[in-house]
Amino acid sequence: MAFVPVYILILAFTILIDYFAGIYIEKTEGKRRKLYLIFSLVANIGVLAFFKYYNFLDNNLSFLLHSFGLTNPIPYLSILLPIGLSFHTFQAMSYTIEVYRGHQKAERHFGIYSLYVMFYPQLVAGPIERPQNLLHQFREKYNFDYDRIVEGLKLMLWGFVKKLVIADRLAIYVNAVYNNPQQHNGMTFLIATIFFAIQIYCDFSGYSDIAIGAAKVMGFKLMTNFNRPYFAKNISEFWKRWHISLSTWFKDYLYISLGGNRVSVPRWYFNLLLVFIISGLWHGANWTYIIWGALNGFYLVFAIITYKFRKKISTVLGINKLPNISQSLQIITTFILTCFAWIFFRANNVTDAFDIIKKISTFKGPVFIEDPSMIIYPILAIFLLLFVELKQEYYKGDFSFLNNKNWILRNLSYTILIILILLFGVFDGGQFIYFQF
Amino acid sequence: MLKFLVYDKKRNPYKYFFFKLIILFAFVFVSDFLIGNLLRYYYFKQQRGADYLTTYSIDSTKADLLIFGSSRASHHYQPSVFENRLNLTCYNAGRDGSFLFNHYAILEAVLKRYSPKIIILDFSDGEFLKNEDNYDRISSLLPYYKNHPEMRSIIELKSPYEKFKLLSKIYPYNSSLLIIAGGNAIFSKKKREDINGYIPLTRVWNDSIRNENAPIKYEIDSTKVKIYESFIRDCLNSKVKLYISCSPHFIKYTHRDYSIILAQEIAKKYNIKFFDHLQDSIFINNSELFADPLHLNDKGAQLFSNNIADSILSN
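Respectively, the protein sequence lines represent chains U and B. Per the numbering used here, the first sequence starts with residue 1, numbered consecutively. Per the numbering used here, the second sequence starts with residue 438, numbered consecutively.
Hints in this document: simulated from the structure, not taken from any laboratory. Any given hint might turn out to be false.
Unchecked claim - When the alpha-carbon atoms are kept at most 30 Å apart in a straight line, the in silico BS3-like pairs for lysine-lysine are as follows:
| hint | chain 1 | residue 1 | chain 2 | residue 2 |
| --- | --- | --- | --- | --- |
| 1 | U | Lys311 | U | Lys240 |
| 2 | B | Lys706 | U | Lys221 |
| 3 | B | Lys446 | U | Lys141 |
| 4 | U | Lys396 | B | Lys457 |
| 5 | U | Lys405 | B | Lys452 |
Using the sequences and the hints given, assemble the complete structure.
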């Protein structure tokens with residue numbers, strides 16, 4: 001992942017193609033419309049495939065040919081992945097698809113279309129917007145709206161806390177453990193995996209909050225990208241709460257195009273698996289991401305297959321009569337399943353991932369603590385997150401901190417968050433994880 | 438009374454917004470000032486720990502012989518050995534997780550106060566390697582920015598924005614709350630783990646030696662090389678006898694480290710003695726002298742300190 005100034009030309013290339021493709025799709029009828037769409041999709045996917053997957057495919061081909069005693073004639077290229085490529089490519093693709101489907105008029109103003117693809121707050125890590133939601137907003141006039149600006153700034157502030165105080169703090173422990181898999185035991189990996197689950201959530205949703213907040217300050221409304229996903233009661237609900245802009249993208253443009261659930265049952269399962277495998281591949285050119293995607297697809301298929309059986313067991317055991325316990329168990333189970341999948345997402349390679357799983361299954365300790373602050377700060381950070389999210393999820397109307405009517409309490413709440421950033425924020429070069437995708 | 442200051446949100450939204458912003462800034466400024474100064478007070482009141490040792494090196498020590506370096510300095514050089522063998526007072530200013538930038542900044546602060554007779558700089562393999570993480574470690578010097586202008590140019594290497602970040606009184610103590618609490622805790626005042634800055638490691642390494650095929654050449658950080666040369670020049674200008682030393686590893690390398698070769702060449706240019714013990718056979722064949730592959734234990738440190746004292750006496 002890198003920012004190379006000349007890479008702006010890649011963006012210019014796809015913007016030009018999609019701009020004209022949109023206009024021609026709208027102008028023409030019949031087969032030629034489809035041809036323009038295919039041309040645009042091939043250009044976008046081609047750029048993404050070249051920069052993101054060329055070397056991955058080349059490496060795998062080399063491995064395959066090597067096992068047959070052959071050498072790979074295709075050279076390895078030292079190319080850097082342009083920052084945010086996967087995000088703005090998907091946003092651009094949604095435009096031409098929506099124009100093709102007739103849900104969106106082609107944008108005639110080149111500047112406005114370019115802004116749609118390059119809108120700064122969400123250019124590098126989303127949310128991946130749809131043209132129906134964003135394009136018209138560039139034509140609207142915005143007045144100085146105090147409440148809107150304050151809401152945007154509050155969202156940004158909480159996003160910074162999530163990123164600097166929680167995600168980057170947890171990352172210190174996670175990186176120390178996951179980057180040295182040989183030196184750590186099962187209990188340490190268990191802790192590191194839970195930490196990673198929180199880290200990636202705070203890292204990415206923190207970025208989304210900052211992006212949505214920054215856009216709001218300027219008057220733009222971007223789509224919600226996260227909705228407290230770790231309170232999901234099953235995997236299907238998790239994906240409705242996690243990276244919503246990407247999940248809905250795959251649902252709208254791939255899953256439904258494949259037939260969704262209006263096909264035979266085996267084909268439906270296949271559709272689900274395929275969408276999740278591609279979603280994994282979208283995250284990175286590595287087998288670890290593919291397995292992560294496949295695992296999530298498998299969870300969904302398994303949940304569908306066992307739905308009736310699980311319901312029966314719940315009735316027999318009487319758990320369904322205890323909604324609080326039943327919901328808590330569902331939330332915990334979903335969290336454990338997602339944590340298990342995160343192992344593949346975070347491990348440096350597939351071998352490491354399996355070694356880590358093997359170690360975790362032994363539950364052997366002691367937990368690695370190089371310095372007490374390495375574990376105490378993350379635990380405090382998790383409590384802070386849990387407190388805020390529990391309140392947002394279950395006690396929304398109750399006492400409010402950032403929206404308190406008392407101006408002293410309100411300002412104190414803002415101040416506490418700023419002081420928390422200064423006291424516990426990690427300022428040393430922590431990148432947003434999702435910038436690499 | 439202050440009614441004339443309160444603007445109407447609908448009629449004067451800009452003024453209303455800036456008025457609210459000023460109120461928030463006032464809250465933040467006061468909190469930052471109070472908490473920052475409280476942390477500063479307790480930071481410099483610490484009685485033990487790495488921060489205390491750094492503060493002592495910067496502000497108090499008057500030792501004839503000073504040792505500079507990373508964890509490998511703080512665990513490898515026993516001041517008592519040098520005091521007995523060389524008849525000089527000695528203090529170990531080494532610190533875990535520090536790099537050339539930190540050593541040079543502390544040297545500048547020391548030389549402003551006095552000139553030690555001898556300085557030993559422990560040079561680590563890969564010291565010149567380009568690595569952003571090394572710049573991050575400069576953050577341990579942030580508390581000294583205010584009172585030590587001689588250290589500022591080094592601290593500002595951390596990032597071009599450091600000057601602005603340091604407008605906050607809390608920022609220099611970022612992530613230090615627990616350490617400051619530990620350094621001030623009653624139990625810690627009684628229990629000091631260092632002996633004149635030297636921190637002994639008592640455990641014994643039992644594993645067999647490993648071979649490592651490190652890269653022959655790697656990207657060199659020219660800023661680090663400049664800092665290294667400045668370290669040498671400042672010692673020479675202050676008439677300090679400087680020795681540079683590489684302490685042993687319990688790892689067998691296939692070839693010499695590129696940074697060490699470069700550092701030795703530079704030292705030669707300034708006529709500075711450079712003792713390379715990285716692959717010293719006395720140590721590399723004896724795991725009992727190590728606490729881990731990169732650090733000597735107390736027994737190893739005693740033997741190594743004696744070897745360095747011998748070298749100094751024979752030069």
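Original post:
Which hints, by number, does the structure contradict?
Top reply: Failing hint: just 2.
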